[in-house]
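Can you build the whole structure from these sequences, using the hints too?
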Amino acid sequence: MRDEAVPDAPDSRYEPSARRLARERYKRERTRRAFAVAAVSSLVTAAVLVALIVESPGWQRTRETFFDAHYARVALPKVLDGLWLNLRLLAVCGAVVLVAGLLIAVLRTLRGPVFFPVRALATAYVDFFRGMPLIICILVCVFGIPALRLSGVTHDPVVLGGFALCLTYTAYVAEVFRAGIESVHPSQRAAARSLGLSSAQTMGYVVLPQAVRRVVPPLLNDLVSLQKDTGLVSIGGAVDAVYAAQIVASRDFNYTPYVLAGLIFVAITIPMTRFTDWVAARMNGRQAQGGTT
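Residues in the sequence shown are numbered consecutively from 238, following this note's numbering.
What the hints contain is simulated information worked out from the structure, not anything from laboratory work. A portion of the hints provided could be inaccurate.
[What the hints assert, rightly or not] Label pairs and their calculated CB-CB ranges: (1) Pro370 - Pro423: 29 to 39 Å; (2) Arg450 - Leu385: 38 to 48 Å; (3) Phe353 - Val377: 21 to 31 Å.
All C-beta atoms, glycine included, are put in the ideal place defined by N, C-alpha and C.
Take a look at the structure:
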């Protein structure tokens, strides 16, 4: 059998055109220039702010009262011990709020006249606790519930303060879940029912998975707010990071422990906020590409 000559395969390597190389080079130069301008602008702004603060007449007294390194070292162990209570409250209350908020949202979206009383009660609960300031809710729970002298009811300010946090944040989270449920197109329900799924199965297998995915970023924002508001339980006498700072500050008449506690809360909140932004950007990218229904 005679061998047939096989033509040489064409060169498959891609070489960008000169115009594309020039465009990419221009984009890199523009990015470097923008970064340099932003860095210089930030440095100038920071320098102006520092100069205004340091040159103010009361800066020396303010520095001694709010930014004393000695009192920060003294208060740090006690503030960290109190912070452990804030973190435990965040974990427990966060779990309770997510479950209770989802339940309230489902109750508010029940259809049919027979469920009107349930919908009305759920709506009244959400409206009431969204309107009531959190600090008043904590005061009422911490001081009002023990005043009832109910048998078997705890007087622990940590438990009662956590209960108040759950009451308030459940109302906010319920609205977030409800918005996610109502954002699911009615055709999804109709398609599920046409396949023979019951109303409960449609909600559990079709509506809720889509709704929860859509509201993850606002839910994370609510958890960030909850993390900060756990410090309010200190008004009932619970020794958390804020109350520990208050004890040291009232003993030495120096407010550096308050600043220290605030910086610790900021250090915890910033990673949570950046994670929330990353999740939101990722989900927006997936939706733009049609990856999330």
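To see whether the hints hold, each was checked on the structure:
1. The supplied range of 29 to 39 Å is met by Pro370 and Pro423, whose beta-carbon atoms lie about 37 Å from each other.
2. For Arg450 and Leu385, the hinted distance range of 38 to 48 Å is satisfied, since their beta carbons lie about 42 Å from each other.
3. In this structure the supplied range 21 to 31 Å holds for Phe353 paired with Val377, their Cβ-Cβ distance being about 29 Å.
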